[in-house]
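Peer 1: Here's the letter readout for the chains.
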Amino acid sequence: MTSREKILASIASNKPTLVTLPNVPIFEGDGSIERFKTVLEGIGGTAVELTTKAECQEAIDKYYHDLVNVASDIVKANVAVNLDTTKEILEQVDLAVIQGEIGVAENGTVWVPESNMLNRALPFITQHLVLVLDKNNIVANMQQAYDKLEDIGNYGVFIAGPSKTADIEQSLVIGAHGARSMMVLIY
Amino acid sequence: MKVALFIPCYVDQFYTNVGVSTLQLLEKLGVEVVFPMKQTCCGQPMANGGCEQDSKGVYEHFVETFSEFDYVVTPSGSCTYHIKKHYDIIEQTPAVQKVRKSIYELVDFIENVLKIEEIPNSFPHKVGLHLSCHGQRGLRQANASEITGVRDGQISKLLRKLNGIELTELERNDECCGFGGMFCVTEEAVSARMGQDRIADHLRNGTKVLTGGDVSCLMHLEGIVKRQNAPIKVMHIAEILNGNQP
Amino acid sequence: MNHPDHPELAEAFNKDFERTTWHDETLWFVRQKRDKAVYPVPEFQDLRTLASEIKDHTLSNLDNYLIEFEENATKNGVKVHWAADATEHNQIVMEIIKNSCKVEGRNARLVKSKSMLTEECHLNGFLEKNNIDVVDTDLGERIVQFRNEPPSHIVLPAIHLKKEDVGETFHKHLGTTKGEKDPQILTEAARQHLRGKFVAADVALTGINFAIAETGSFVVCTNEGNADLGVNLAKVHIACMGIEKIIPKLHHLSVYTRLLARSATGQPVTTYTSHFTKPVEGKEMHIVIVDNGRTQQLGREDFRSSLKCIRCGACMNTCPVYRRSGGHSYDFTVPGPIGAILSPNIDLHKHKSLPFASTLCGSCSDVCPVKIDIHVQLYKWRQIVGQANELPAAKKWAMKGMAKVLSMPKVYNLSGKLARGALRILPHGLTHNQSMNPWAKARELPDAPKQSFKEWYEENRK
Ligand code: SF4
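Protein chains in written order, with this note's numbering: chain A, 1 to 187; chain B, 1001 to 1246; chain C, 2001 to 2462.
Don't read these hints as lab results, they were simulated from the structure.
Be aware that a few hints might be false.
[Unchecked claim] As a list, the in silico DSSO-like pairs of lysine-lysine whose alpha-carbon atoms are at most 30 Å apart:
#1 Lys-2278(C) / Lys-6(A)
#2 Lys-2098(C) / Lys-2129(C)
#3 Lys-1028(B) / Lys-1056(B)
#4 Lys-2278(C) / Lys-2197(C)
#5 Lys-87(A) / Lys-2417(C)
#6 Lys-2278(C) / Lys-87(A)
#7 Lys-2308(C) / Lys-2278(C)
#8 Lys-1101(B) / Lys-2380(C)
#9 Lys-2400(C) / Lys-6(A)
#10 Lys-2162(C) / Lys-2181(C)
#11 Lys-1208(B) / Lys-1226(B)
#12 Lys-2380(C) / Lys-1226(B)
#13 Lys-87(A) / Lys-2283(C)
#14 Lys-1115(B) / Lys-2462(C)
#15 Lys-2396(C) / Lys-2249(C)
#16 Lys-1038(B) / Lys-2417(C)
#17 Lys-2283(C) / Lys-2102(C)
#18 Lys-1085(B) / Lys-2197(C)
#19 Lys-2396(C) / Lys-1084(B)
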């Protein structure tokens, strides 16, 4: 018997009789931009409202003018990032500006599918991260988010604020391994 | 209504006053109470120690003693919980089922059977309520802080209505005192530390009289109070409701 | 072999009063953060019920879900492996590494994000013996790895350490200034050090928080971003999971992602909730599915619901005993209340003191996001320990004697009278002798009244 067979056989003989699977309702909730912003700020991120997506460039120029190496397919970039970009180049990225798909008001998280990332490592290796989000895509909670999210693709991440840790005496430190700051531009 | 009084073994032996107060209180509330003389214990100490099989004889003796009554009232949430929850290992005869249903913790009995919401006594003291876990989480006699931020429960409801009373607002409203049956000796270090921390919370927040629904927790806490010579008087809830003063 | 039991280790922990205070307060702070994150969610209790029921269902159909998961993962181009126990798990991981990275003249390099399963299997030591360099990349795990200690908590691995301890460790291993203890500076030092490790790694290993049968995907939750950083830079991704990590459908994540971080640290969600389905072209993804005692626990009716655990750590943060005895006092990979009901399944003799390391206060069961009745299971394990003759002899005979006395009213009345009499007559120094009476180390005995209640009743009411 292979281990696979052994494990499956052991489960079959040890599992209880079938219990029914409950239905998960789509809970209602406050899906306002205000709530999304407040929660995101509470977890160390920032949110800036724009009137149109075209204003992204202006916002980047305003908030991140001191950063040199920018990777993006939304705003002006000077580091070209794609699937084949080497680790050594990725390591140099100061700022990545990426399209987010769904924002969740209850926890300030934003869904970023692989197709928007340019390279899977980019949102994590960049020193600073900006996600761009259509305000019509903000939902109240995770039930609504997964309901909206039909296909998760090959890889996708809900990102909520900057990378953080509290592993030393429960003191919160922003910027553990991933992005040191995270901003959401809402249009 | 035939009501029996069950006085747990350690209360019988060490806290005569609590037994007397419980009886007097029930009598004042118009209940005719019988105290069956052959009672001993509910069997919890052995069962929590991992020997529930050995307690079966004690369980059966308990049922035999109390099955003729409509209600069995006891000043202990812990024993009540044990009988309701753990008397499932003996044969579920009608008598066993009846006892498991008719056993009531004192305050629960006053509020939910007698439907009494207020006892017209005065107790002009600052009182800290220790919520014993078995009454609180086991019998759901009080809200649990894991579930809600609203601090409320059966004992505090009655206490609040006493004239002149002030209730202590604790930092940790429902942290265990560390008694835990055999735990208090087998895990002496942690048990004592837990008790010390509870007393410190009460002292910091001004408790002058410490009360609760279980003598076992109070015995442990009183042991610490006395060792530390802390300015706290420990009284069981039955004593306060009965009108005794510190 | 004689292992120090929980009471001994807990007593040693409590010798340092101030540090015990600090440990208790630090974890209570986490519990309070959890409360603040939980109270405002109106459907939180419904979510707990759903989370519990989804897991109950999944366990009752676990074999079929695992097959479905394997099928879908395979279709996605992921290689699925099965391990019956820790040894096989470690062997599989090693072989994947050896086959996938033919490195010349140096050891293969593995970066690892948090995985309690690999702790349980003692993977690190095994790989190192086989010339594979292992770097734990979660900050807390890296700290304890440097110190050669096991984690003391499943979510906060270094919670037993003060910043001074971490400063000392980093001074030794990372060359930070001696005496430096600022968490900000220490974390930055770790960031710089680990960035190098991420970039240099050949293989990245992660745990799995949830595996989705319907899609063959799996989800990893972190705050630091170390899982994604490691995996997305390395050529090979190995993900290890216990069989119980399965959930049936993608949308079930909506329940667990609302519970996990709130319960664990009081955050509304973890910073990164990463969904892995397919590897990038030219890279490899492996999943190792591990039993290691879990199917046996599944067969124990009273204890199978312990497999619903999503490893949030809330039962540790809330446990008044854990907070005052520390994770290492449990001497098991998963400490605290949940560890105390998982460990006897693995080795009853070794862990026999753990079900007794509790007052049965029930806080763990009320805090648990998947509603495991932990304190009920502690009580039940106690009975099994008792039945297996694993109780200390003195305790066992005391209980048996007590049970006898308490079922015989006359004997009970007499022995009570004698005991009270003795307590009243004997000098304090004798009744409170601390080596004979552990009660009296920190507590006074109750005053023994002249009359028992029964005696009073006979005199006054009969
Ligand atoms: S038993 Fe419950 S509370 Fe404890 S770690 Fe597991 S899921 Fe969390």
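Peer 1: Has the given pair, Lys-2278(C) with Lys-2197(C), been kept, meaning a C-alpha gap of at most 30 Å?
Peer 2: OK: Lys-2278(C) and Lys-2197(C) at ~24 Å, within 30 Å.
Peer 1: Hey, Lys-2162(C) versus Lys-2181(C), does the alpha-carbon distance stay inside 30 Å?
Peer 2: 9 Å, holds
Peer 1: Need the status of pair Lys-1101(B), Lys-2380(C): alpha-carbon distance at most 30 Å?
Peer 2: Roughly 22 Å between the alpha carbons, so the hint for Lys-1101(B) and Lys-2380(C) holds.
Peer 1: CA of Lys-1115(B) to CA of Lys-2462(C), is that 30 Å or under?
Peer 2: 29 Å, holds
Peer 1: Take a quick look at whether Lys-2098(C) and Lys-2129(C) sit within 30 Å of each other, Cα to Cα.
Peer 2: Answer holds: Lys-2098(C) to Lys-2129(C) is near 13 Å, not above 30 Å.
Peer 1: Does the alpha-carbon distance linking Lys-1038(B) and Lys-2417(C) stay inside the 30 Å limit?
Peer 2: 15 Å, holds
Peer 1: Tell me if the straight-line CA distance from Lys-1085(B) to Lys-2197(C) falls inside 30 Å.
Peer 2: Given that 30 Å is the threshold and the Cα spacing comes to 54 Å, the pair is violated.
Peer 1: Decide if the proposed pair is consistent with the structure: Lys-2380(C) and Lys-1226(B), CA atoms, cutoff 30 Å inclusive.
Peer 2: 35 Å, violated
Peer 1: Against the 30 Å threshold, does the CA-CA distance of Lys-2396(C) and Lys-1084(B) hold or violate the hint?
Peer 2: 25 Å, holds
Peer 1: Take a quick look at whether Lys-2400(C) and Lys-6(A) sit within 30 Å of each other, Cα to Cα.
Peer 2: Roughly 42 Å between the alpha carbons, so the hint for Lys-2400(C) and Lys-6(A) is violated.
Peer 1: Given the hint that Lys-2283(C) pairs with Lys-2102(C), does the C-alpha gap stay at or below 30 Å?
Peer 2: 14 Å, holds
Peer 1: Is it true that the CA of Lys-1208(B) sits at most 30 Å from the CA of Lys-1226(B)?
Peer 2: Roughly 14 Å separates the two Cα atoms, so the pair holds.
Comparing the model with each earlier hint shows violations of hints 3, 5, 9, 12, 15, 18; every other hint is respected.
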